[in-house]
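Given the sequences, and given the hints that come with them, work out the whole structure.
Protein chains: 2
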Amino acid sequence: MQIPSSSITRLSIYYRALLSLKDAALISSQELSDFTECSASQIRKDLAYFGQFGRPGCGYPVEDLKRELKKILGVDKDWDVALVGAGNLGSALLAYKGFKGQGFNIKHAFDNDTRKIGKVKQGIRIRDIEDLKKVIKSSKIGMAIVAVPQEAAREIIDRLVSSGIKAILNFAPARPKVPTGVELLNIDLSMELERLTYFLKRVRA
Amino acid sequence: MQIPSSSITRLSIYYRALLSLKDAALISSQELSDFTECSASQIRKDLAYFGQFGRPGCGYPVEDLKRELKKILGVDKDWDVALVGAGNLGSALLAYKGFKGQGFNIKHAFDNDTRKIGKVKQGIRIRDIEDLKKVIKSSKIGMAIVAVPQEAAREIIDRLVSSGIKAILNFAPARPKVPTGVELLNIDLSMELERLTYFLKRVRA
DNA sequence: TAGATTGTTAATCGATTAACAATC
DNA sequence: TAGATTGTTAATCGATTAACAATC
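Residue numbers (the working numbering), protein chains in the order written: chain A, 1 to 205; chain B, 1 to 205.
One should not assume that every hint holds.
[To be verified] Examples of chain A residues toward chain B, derived with CB under 8 Å:
#, residue
1, S12
2, W79
3, L89
4, Y96
5, M143
6, V178
7, P179
8, L185
9, L189
10, S190
11, E192
12, E194
13, T197
14, L200
15, K201
[Claimed, not checked] Think about it this way: if two alpha-carbon atoms lie no more than 16 Å apart in a straight line, the pair counts; the simulated EDC-like pairs of lysine to aspartate or glutamate are:
#, chain 1, residue 1, chain 2, residue 2
16, A, K116, A, E130
17, B, K201, A, E68
18, A, K201, B, D78
19, A, K100, B, E192
Note that these hints are calculated values from the structure, not bench results. We put the CB at the ideal spot given by N, CA and C, even for glycine.
Structure follows, in structure tokens:
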């Protein structure tokens, strides 16, 4: 069965809510609904896609549910990540504490700027982009973050795909095509701001 | 009529596609579909929410459509933006070229770290967070970007709202509640990676 | 047992797609 | 005029919500 991608996003939200919940042993879908602003019905439905984690009449055991959600989301173990582009944004991502906290470790960083290559940031030595394929293949890394300028995005993403990368988080304002079997998630920061200006224009009018 | 927010996201996609289209005078929904991977039917529908921009039998005049989309999205004029948090991520956003290119100008930046306050980055002097309300009220800025640590997010966002900010792009991994009339868009970077690991886990299995 | 809450099915709602009359 | 393509309505599809039997 095809599970809606909005369900997956919500599973992350549920998981975050449970993390900030230290004391309780059980939580009902209604209580979780109060925290997350998703409907209780929807929470039960989303969870039911993956199994039966609750006890009728009682609710969901918090610790068990946390563990199950970690498994479902794939964060029950750490992931190695490659970063391409060590400019302002790339360097900020390299330093981002939130990744390590969730088990995401940036293991390799690449750039094409000779002034950056060889420098060490956050304990990671910036490598020549030309070594991309070799390093990724030998380290068997499956996911990459792209923080290169727009004009370089297409080529970089092609190279990542041909190096065996299966999942890409792309911050370049471009929407390159990738073969099926490769997941590309685009975050275009200007586009996000545009959604806000669309809204602003309306409330102001 | 309530227009689906996915339509707005697509309007941004169409607009970007048109920008990269220098030569043509007219474009059909089918041609735009080829560029954007949205269906022709959907493109016509999305545009029809806002007016009649095409000519039956011919297609859409590219320049006119660009101008209309700019108006709809609210990017026909520049917007001033406030940035809160001048750490790694905040500084990267301050330096981000893509914003200026789309007419978004970060006019003020704030932090609570005395080592950062007073420093100038990208021509912007970092100000004390305590001056937030005063500066925002007097400059009549409507939108803000939040790049503070998780534990500070709630308070900062409350302060932005009470200063009159109507639209917030939040990078802190938190989902604070805001009153209706204020638009909050959360970008949680770890959550985005989780969507990728969910996918990776499935293709690998 | 009585009360509470899950898991699941059916009903509703909304968004996408298909079809086609209008028209350039 | 004939061909092409829009704008719009109707049909389909999928996701959310409501309801309730099962069960702790």
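Hint check, failures only:
6, 7
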